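Chains A and B are the protein sequences, given in the same order. Going by the working numbering, the first sequence opens with residue 168, and the numbers climb by one from there. Going by the working numbering, the second sequence opens with residue 2, and the numbers climb by one from there.
Please keep in mind that the hints were generated in silico from the structure rather than gathered at the bench. A hint or two may mislead.
Stated by the list, open to error - Simulated crosslink set (DSSO-like; lysine-lysine; CA at most 30 Å straight-line):
1. A:Lys342 / B:Lys24
2. B:Lys529 / B:Lys24
3. B:Lys24 / A:Lys188
4. A:Lys188 / B:Lys602
5. B:Lys271 / B:Lys488
Since the model is a prediction, treat every value here as computed from it, not as a measurement.
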Amino acid sequence: MRAEEMSKLPANPERATLDGKNKFLGFWFFLGGETVLFASLFGVYLGLRNATNGGVTSNELFELPLVFIATMLLLTSSLTSVFATMALKTNHFKRMIGWFVVTALLGLAFLGLEIYEFNHYVHEYGHTMQSSAWGSAFYTLVGTHGAHVTAGIIWIALLIFRNMRRGMDLYTAPKFYLFALYWHFIDVVWIFIFTVVYLMGKVG
Amino acid sequence: MSAHAYKKKNPIWDWLTTVDHKKIGILYLVSGAFFFLLGGLEAILLRVQLLYPEFDFVGAATFNQLLTMHGTTMIFLAAMPLIFGFMNAIIPLQIGARDVAFPFVNSLGFWLFSAGGILLNLGWFMGGAPDAGWTGYAPLSTTSPGNGVDFYVLGLQISGIGTLIGGINFLVTIINMRAPGMTFMRMPLFTWSSFITSGLILFAFPALTIGLALLMFDRLFGTQFFAAEAGGNPIIYEHLFWIFGHPEVYILVLPVFGMFSEIIATFARKRLFGYSAMVFATALIGFLGFMVWVHHMFTVGLGPIANSIFAVATMLIAVPTGVKIFNWLFTMWGGKVSFPTANLFAVGFIPSFVLGGMTGVMLSVPPADYQYHDSYFVVAHFHYVIVGGVVFGLFAGFYYWWPKIFGTMLNEFLGKLHFWLFFIGFHLTFFPMHFLGLMGMPRRVYTYLSGQSLDEANFAASIGAFLMGIATIIMVWNIIQTAIKGKKAGNDPWDGRTLEWAISSPAPEYNFAQTPLIRGLDAWWLEKRAGNKGMVPAEPLDDIHMPDASILPFIMSLGLFIAGLAAIYSMWVIAIGGLVLTVVGMVIRSVIDYHGYHIHKEDLPAEGGKGK
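Could you put together the complete structure from these sequences and hints?
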């Protein structure tokens with residue numbers, strides 16, 4: 168029965184039902200709102216990035232190799248979520264779950280690096296949320312991104328555990344697809360953070 | 002499974018768990034009306050304090066709290082939910098939809114709003130309400146002693162999330178849920194303007210979210226965002242606030258422009274003049290609304306270039322607004338205009354709002370603004386647009402759609418009394434304020450000296466405020482009378498033009514037994530002119546799918562309420578507990594499947610009959 172149903176799934180199962188269409192469109196709008204949210208944080212960061220209050224500066228603080236590894240981890244996780252989406256569109260449930268597991272693991276590794284990085288800044292350099300306006304802006308912007316990564320990992324873990332047994336149908340496909348959209352968005356935000364915070368912090 | 006639909010439900014449980022957009026609309030209207038009365042009471046207390054020079058009624062500290070809470074309550078807790086109430090109650094009916102796109106999210110939006118609204122007002126009972134103005138400018142707000150401003154920050158944050166998801170719900174509903182034939186350019190103007198408003202909500206509220214979050218960090222966690230002494234910059238808060246705050250003005254006023262467009266057309270018995278120009282003007286106002294925020298900050302000193310650009314953008318908005326004013330006038334021109342209360346408010350709105358628009362253009366000139374800034378002239382201006390525009394519109398919509406929402410007719414005599422008292426009181430209050438401002442009376446100051454020619458105008462303004470108070474009491478009396486013994490309304494008491502008047506009053510749970518086919522603008526009017534008794538169905542009669550009710554939105558909002566309240570007092574364990582409650586609610590929602598249920602076609606009332 169299940170296999171028969173699966174073979175009958177249409178080409179874009181994530182948008183085949185009205186419910187799926189609504190979720191798809193609603194989530195794009197949500198990401199639009201998130202864009203303004205992060206744009207506001209970037210604006211605040213640009214306004215305060217030289218307000219070091221006599222403390223450590225970004226040029227002294229950042230180590231590009233570490234940030235490069237973090238960036239590569241997150242970019243690769245975006246690629247693996249594309250593989251997962253391709254599997255979703257061709258009804259390969261097991262393959263999709265596999266790629267999403269890899270995505271989540273890469274996200275976890277990124278998060279581990281970020282925690283290490285924050286810890287390092289706080290304890291080695293005394294660079295905290297309270298030490299300067301730049302510190303406040305830095306931890307709020309990068310931390311909000313980190314919180315989004317954390318939420319994404321919890322989300323995909325929940326989806327995988329909940330739907331492991333029942334496979335893909337028109338009800339579950341939109342759920343997985345939306346996660347992939349969200350993950351790409353987080354990735355795009357990181358590219359801006361890498362440029363505006365780290366690269367401009369080193370050379371700007 | 003249809004038995005489910007007819008099972009007797011506990012009414013309290015039913016209202017807590019409902020995902021029916023019509024019931025959520027009523028919840029929004031009732032709570033919005035409550036906060037409107039509260040904000041009005043605060044306004045009257047303010048005007049009593051200003052009745053006489055050096056009068057000692059509430060004193061300076063309470064005055065600051067009253068003016069802050071009056072503004073915050075009226076904007077966020079009265080006008081916003083009342084608009085959302087009408088959007089919920091009417092839009093799905095106008096586009097021929099059985100439901101909104103996300104019934105659960107819709108319910109969550111309402112409960113988050115009410116959790117935030119209650120939290121915001123708890124300040125009164127827990128050591129002092131917010132007192133830094135509705136704008137909450139730093140560093141006044143970051144250094145305000147006590148917990149008042151914390152209530153402002155967290156209350157608005159929670160209700161803001163509710164507003165944001167409500168906006169997304171309506172965007173998707175209007176794009177995806179329209180009945181066959183209901184093209185974008187056949188949508189009623191109220192639906193159109195609410196659609197554009199929802200877009201503004203989506204792109205404006207996140208800026209407020211960030212502004213409030215940074216304010217919270219500065220107050221609770223000792224960050225330095227707005228602390229100039231540590232390199233922070235308080236101007237950033239002003240930017241974030243007004244990047245949200247100016248679109249917010251249009252978020253409030255565009256839906257009531259839509260209401261006026263329908264009410265004026267209905268009571269002129271003519272189709273709206275220049276429908277497509279109206280749609281375009283609405284979209285243009287929405288678009289320009291994002292590029293004018295600096296006109297609130299002309300005196301900050303951003304320089305002549307920035308001020309000029311924003312001044313020109315501000316003046317531009319007068320063009321599409323003028324288009325709308327003329328279209329309303331031309332709609333009435335040559336029509337058979339009748340004046341029930343709804344149309345009185347609509348027609349009374351036009352000159353009142355034009356006055357507010359004129360002072361707006363005056364304020365948009367930066368050198369002149371240096372004179373007007375922070376004076377009663379500004380108070381007069383924004384009350385002319387917000388009371389003369391938004392409140393008149395909400396009253397007009399209230400009298401117009403009451404029969405559709407509640408199924409009874411309001412008393413027209415009391416309604417007209419309400420209009421005339423309110424209209425006279427409104428002008429008596431705010432017109433003299435122009436002169437007070439020009440004579441140099443600063444806003445937000447709790448008293449004034451005698452012998453400066455300020456006495457008479459202040460006295461008149463206070464009398465006007467009392468008149469508006471009496472008018473509002475008459476409206477409440479009208480509602481009570483109508484609730485007790487109001488006469489039943491028919492499906493179409495005003496000989497309406499749009500789809501909501503084609504179905505029973507109040508609408509049945511499923512709205513349309515068969516999705517209607519839309520054959521043009523003013524769909525219901527067209528069918529009536531063609532001699533049809535009802536809409537032509539677009540589908541055969543079939544089982545109707547309904548969403549499941551859920552208590553989770555209430556519980557998730559309760560979690561955030563607990564978290565917010567605990568955070569104000571730095572009780573972090575309880576705060577995290579509240580957040581966990583919310584997250585658990587989200588997880589339950591995600592893990593359990595909600596497939597809804599069906600109302601079987603055999604159980605639907607016969608054609609032409611009243612809904613159950």
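Against the structure, the hints come out as follows:
no.: 1; hint: A:Lys342 / B:Lys24; result: 28 Å, holds
no.: 2; hint: B:Lys529 / B:Lys24; result: 29 Å, holds
no.: 3; hint: B:Lys24 / A:Lys188; result: 25 Å, holds
no.: 4; hint: A:Lys188 / B:Lys602; result: 26 Å, holds
no.: 5; hint: B:Lys271 / B:Lys488; result: 28 Å, holds
Every hint from the earlier list agrees with this structure, and none is contradicted.
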